[in-house]
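Colleague: Kindly produce the complete structure, drawing on both the sequences and the hints.
For the record, the sequence lines run as chains U and G.
If you're matching positions, the first sequence starts at 22 in the numbering used here and goes up one per residue.
If you're matching positions, the second sequence starts at 3 in the numbering used here and goes up one per residue.
These aren't lab readings, by the way, just hints derived from the structure by calculation.
Think of the CB as a built atom: it goes at the ideal place given N, C-alpha and C, for glycine as much as any other residue.
Any given hint could be a false lead.
To be verified - Simulated restraints on C-beta separations:
#1 G:R55 <-> U:R113: 40 to 46 Å
#2 G:D60 <-> U:M22: 28 to 34 Å
#3 U:A32 <-> G:A75: 35 to 41 Å
#4 U:L120 <-> G:L24: 18 to 24 Å
#5 U:I24 <-> G:I74: 42 to 48 Å
#6 U:E23 <-> G:A72: 37 to 43 Å
#7 G:A6 <-> U:G121: 37 to 43 Å
As the list claims (entries may be wrong) - For the chain G half of the interface with chain U, some residues (derived, Cβ under 8 Å), not all of them:
#8 F4
#9 A7
#10 A10
#11 L11
#12 L17
#13 A18
#14 A34
#15 N36
#16 V43
#17 V48
#18 K81
If you want the building blocks of each chain, they are given just below.
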Amino acid sequence: MEILIDIASWALLVSGGAFCVIGGLGLLRLPDVYARMHAAGITDTLGAGLILAGLMLQGGLTLVTAKLFLILVFLLYTSPTSTYALANAAYRRGLAPLLGGGTPANKDGDSSKP
Amino acid sequence: MFAAATLALLVAMALALARALLGPTVYDRVLAVNSFGTKTVLLIAVFGFLTGRPDFLDISLIYALINFIATIAVLKFLKFGDLGTRGHLPETDEEVAE
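Modeller: Below, the structure written as structure tokens:
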């Protein structure tokens, strides 16, 4: 039984780490701020969720697991809030998102006019 | 296996740091620093298990709180140029004209 929990925990930790690296690569490679927020979202949800779930399996039914759960809940509440605040601040400042074809949209969302 | 997760987190943190240094807009830097902070929270948690001292989780929890407050504070400063304003932005074009 112990070994099964260890294997499950290792699988969760490694896949969480892989998702973190994927999110980091997206953060570096994607073309504009709004696309990069999408990549940061992978780290905040799947990366954090899988790594913390893996640690929870290691912790067992103790205070450690309760703290890990608290961190997970807190991250799941704050990361959408800060992403929304960032997108809102960037858009209000007039930073236009890139649309298909690589042309930045104007403030009305119409990409045909500059 | 904790070492593998730590290594993956360190690589992801290096990538986020590269984006924070490259920019090009200030919002890219804020996004990268926020993502870097989330990864730091995870790194502290995993490192606590790696060294067999899960007490580090308290630090990790506090770091998550500070990271969120810092991101919101920087964004508010960017938006209003001041941390003391009430926080109202003009919503419609008429309000902008005023």
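Colleague: Identify whether the interface hint at K81 (chain G) stands, where standing means a beta carbon of chain U within less than 8 Å of its own.
Modeller: Holds, about 5 Å.
Colleague: Do the numbers back the hint for V48 (chain G), that is, is its least Cβ distance to chain U under 8 Å?
Modeller: holds, 7 Å
Colleague: A6 (chain G) and G121 (chain U), beta-carbon distance inside 37 to 43 Å?
Modeller: Since A6 (chain G) and G121 (chain U) have Cβ atoms about 38 Å apart, the given range 37 to 43 Å holds.
Colleague: May I ask you to test the interface hint for V43 (chain G) with respect to chain U, counting a Cβ-Cβ separation under 8 Å as satisfied?
Modeller: This interface hint holds because 7 Å falls under the 8 Å limit.
Colleague: Verify the CB-CB distance for L120 (chain U) and L24 (chain G) against the hinted window 18 to 24 Å.
Modeller: Check passed, 23 Å falls within 18 to 24 Å.
Colleague: Is the shortest C-beta separation between F4 (chain G) and chain U less than 8 Å?
Modeller: This hint holds: F4 (chain G) lies near chain U, its Cβ roughly 7 Å from the closest one there, short of 8 Å.
Colleague: Verify the interface restraint on A34 (chain G): the C-beta must sit less than 8 Å from at least one C-beta of chain U.
Modeller: holds, 6 Å
Colleague: Measuring from beta carbon to beta carbon, are E23 (chain U) and A72 (chain G) in 37 to 43 Å?
Modeller: The hinted range 37 to 43 Å holds for E23 (chain U) and A72 (chain G), with Cβ atoms some 40 Å apart.
Colleague: Interface hint check: N36 (chain G), Cβ to nearest Cβ on chain U, cutoff 8 Å. Holds or violated?
Modeller: holds, 6 Å
Colleague: Falls inside 40 to 46 Å, the C-beta gap from R55 (chain G) to R113 (chain U)?
Modeller: Because 44 Å falls inside the window, the suggested range holds.
Colleague: Against chain U, run the beta carbon of A7 (chain G) and see if the smallest gap drops under 8 Å.
Modeller: Hint on A7 (chain G): holds, closest Cβ of chain U at ~4 Å, below 8 Å.
Colleague: Cβ-Cβ distance between I24 (chain U) and I74 (chain G): within 42 to 48 Å?
Modeller: holds, 44 Å
Violation of the numbered hints given earlier is absent; every hint is satisfied by the structure.
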